[in-house]
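Protein chains: 2
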Amino acid sequence: MTQLVKNQALKAKQASFELASLKSQVKDDALNRAADLLEKQSKGILKENEKDLANAKGLTKTALDRLRLDEKRIESMVVALREIATLTDPIGEVVDGWVRPNGIKVSKIRVPLGVIGIVYENRPNVTSDAAGLCLKSSNAALLRGSSSAQNSNLAIVKVLRQALEETGVNPDAITLIEDTSYEAVKEMLGLKGIIDCVIPRGGPSLVSTVIENAKVPVIIDGDGNCHTYVDQSADIEMALKIVKNAKMQRPSVCNATETLVVHKKIAKKFLPLIQKELKGVEFVGDKVAQKLMPGIAQATPQDWATEFLDLKLAVKVVDSLDDAIEHIRKYSTGHSEAIITKDLISAQRFINEVDAAAVLVNASTRLVDGSELGLGAEIGISTQKLHARGPMGLRELTSVKFVIEGNGQIRT
Amino acid sequence: MTQLVKNQALKAKQASFELASLKSQVKDDALNRAADLLEKQSKGILKENEKDLANAKGLTKTALDRLRLDEKRIESMVVALREIATLTDPIGEVVDGWVRPNGIKVSKIRVPLGVIGIVYENRPNVTSDAAGLCLKSSNAALLRGSSSAQNSNLAIVKVLRQALEETGVNPDAITLIEDTSYEAVKEMLGLKGIIDCVIPRGGPSLVSTVIENAKVPVIIDGDGNCHTYVDQSADIEMALKIVKNAKMQRPSVCNATETLVVHKKIAKKFLPLIQKELKGVEFVGDKVAQKLMPGIAQATPQDWATEFLDLKLAVKVVDSLDDAIEHIRKYSTGHSEAIITKDLISAQRFINEVDAAAVLVNASTRLVDGSELGLGAEIGISTQKLHARGPMGLRELTSVKFVIEGNGQIRT
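Chains as they are written, first to last, in the working numbering: chain S, 1 to 412; chain G, 1 to 412.
These are calculated hints, taken from the structure and not from any lab test.
Here the structure is a predicted model, which means the values were calculated and not measured.
Yeah, the Cβ is synthetic: ideal placement off N, Cα and C, and Gly gets one too.
Take these hints with a grain of salt, some might be off.
Here are a few chain G residues that face chain S, going by a calculated C-beta distance under 7 Å [what the hints assert, rightly or not]:
(1) Y182
(2) K186
(3) N245
(4) Q249
(5) V253
(6) I351
(7) L360
(8) R389
(9) E405
(10) I410
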């Protein structure tokens with residue numbers, strides 16, 4: 001059983017060697033061909049997806065929705081692949097270069113990582129999105145979706161591999177792990193020297209399985225327990241608009257705000273207004289917030305640490321910017337943290353002292369996203385500090401290589 | 001016992017928050033003050049080092065040599081700290097920046113990692129070198145040396161912390177783990193959210209302990225099973241000079257060449273010459289090499305995979321560049337790989353197809369080193385592909401942060 005995973009990974013590794021020198025044009029042709037074929041063969045894919053939906057038992061409504069494909073969702077996958085084809089190829093970029101006094105020429109060149117393992121849940125669209133980004137960055141994609149979506153994933157990968165074959169690319173560059181057991185994930189996570197990086201795309205339990213078991217390098221696309229801090233000098237209208245957007249525009253995603261931190265000097269005015277503005281939101285708060293927002297429940301210590309992913313907002317009133325920063329340090333998952341302020345010193349201190357992938361001044365945490373920030377397609381948002389931090393585009397799927405060219409230089 | 005490690009790490013974390021906004025001038029003052037104090041208090045440090053040497057039992061001669069301090073070695077530590085003070089501060093560097101159509105200003109700013117754990121063996125000089133690099137990059141250094149060097153390390157850290165105090169820096173920015181047990185290392189490796197990165201500096205067993213147990217991100221300063229390939233078109237004189245240097249100039253280090261790969265068309269001429277040139281080197285080889293180099297033993301499969309770190313060289317004769325690349329792929333640890341050739345196509349293929357931190361054309365693998373490449377002081381040579389690859393200077397001890405500045409922007 002496990003040997004099967006390793007064998008598939010070894011084939012992907014072989015493909016990755018070939019990908020490293022593949023011309024951009026060939027990669028783009030393959031991406032566009034994959035888009036064409038997905039469009040043409042959408043009916044077949046939808047049929048396989050129906051099987052998955054019919055088999056789905058015990059899945060929540062949200063999970064079922066994520067599992068479901070339709071013509072529109074397939075069209076989004078098609079558009080994504082075509083967009084990836086238009087992006088600049090990161091491979092071969094000369095990141096830096098110089099000549100040493102002894103005449104050796106040193107360059108740092110952007111190269112692929114090699115084999116990237118993607119472990120994900122339900123959503124079959126991740127199959128083609130992730131494969132597309134890996135292909136464009138000359139990495140082999142070793143995909144391990146959930147068993148619930150396996151029929152859909154197999155159908156999509158079959159189409160993608162057909163596109164690779166038709167354009168002269170080793171089809172093992174896109175490989176779906178056939179074994180959907182939990183053991184297969186653990187096996188993947190131990191394939192040191194074969195898999196160069198694993199990126200989990202899913203909930204906290206998947207992420208923690210990956211952290212606990214990985215012997216291979218990982219990039220964590222972690223939780224977003226995001227805060228918006230309304231400073232005493234904040235523009236009230238702006239704060240209302242931003243907090244509403246950060247909480248309500250799409251509450252189920254990682255860059256939605258989960259806790260509102262408010263300076264006590266503005267709380268009396270601001271909190272009743274926000275309670276009125278955020279219709280349909282359930283508030284929980286500390287004692288001061290409870291006094292100012294009639295009828296709200298007391299926030300438990302657990303609430304401060306919870307990514308609600310729902311129309312629920314915790315409210316904390318603080319005595320100072322220092323207290324706000326301290327609260328955020330204690331509960332932040334290092335994703336996105338915002339301050340609303342008119343005070344320059346407060347803004348500067350917040351930027352410098354809050355440790356997160358993104359810090360925002362007078363803007364909604366919802367803006368922390370590859371496309372909103374202009375990075376092109378993203379494979380996730382890294383909440384770790386090594387290698388990639390924040391929205392990850394094609395460059396974050398690469399490494400560098402020192403190229404040292406001489407004419408006989410030795411060390412003296 | 002383990003709570004002690006965590007408590008020390010938490011103090012380092014607190015210090016790391018303060019370091020993040022510390023002015024460059026203050027860091028440089030602290031580094032220079034530390035250098036002065038090390039010089040002044042060298043006698044006391046040497047006395048503590050004598051205790052370690054007296055306690056040392058069962059250490060190899062090499063290990064004893066690494067453990068030993070003298071005035072000259074302390075002077076090297078002093079010089080290193082002063083040099084680090086002269087390097088450009090990487091923190092605050094604007095790595096990238098742009099404005100989005102909706103007016104938000106996006107910048108990527110270089111920030112510290114936070115708390116860097118360094119796990120090392122014997123050499124007490126690592127204590128001050130690593131602490132200096134961490135301080136300059138605004139990271140708290142959480143040092144865990146070996147028990148054999150603990151008296152020396154405590155004495156050095158006491159001096160470094162005195163320098164921090166005298167210059168107004170939180171002394172916990174340089175913290176030596178008091179617990180020198182194996183359990184303390186495992187405890188460190190599990191401190192997710194407190195330690196931001198662990199860098200092991202030591203042999204394969206330390207590195208594998210770190211990989212097996214780390215729940216925190218790691219940067220692996222791994223083995224160097226380096227190859228030099230002599231292509232059929234190589235300049236024989238140049239090849240002799242480079243291979244001699246790569247093997248003999250300092251055989252005990254990671255960038256020394258361990259296997260010589262030779263094209264069959266040049267082997268007959270080259271191998272007898274190299275056997276004569278590398279006096280004192282023990283050769284092992286495949287059958288073809290054995291025929292051409294009288295008296296050498298047959299290389300075992302294990303030999304191809306071994307980093308000898310000694311005056312020993314394995315010799316492999318190949319039929320083609322493809323075979324050379326295949327052999328290197330099979331046995332390379334991804335450190336440094338060299339080709340000696342006059343053929344442009346061979347050079348290009350070697351550069352593109354060999355996957356290592358550094359690939360060299362017509363130069364000695366011994367040149368892969370921070371100071372030789374002009375990167376300034378180095379904390380190690382990364383053999384992983386994520387985050388840092390090759391010689392690691394100050395920049396490799398940093399992360400980035402997205403700073404997003406608006407005036408009320410929301411997501412629509």
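| Unsatisfied constraints (hint numbers, rising) | 1, 2, 5
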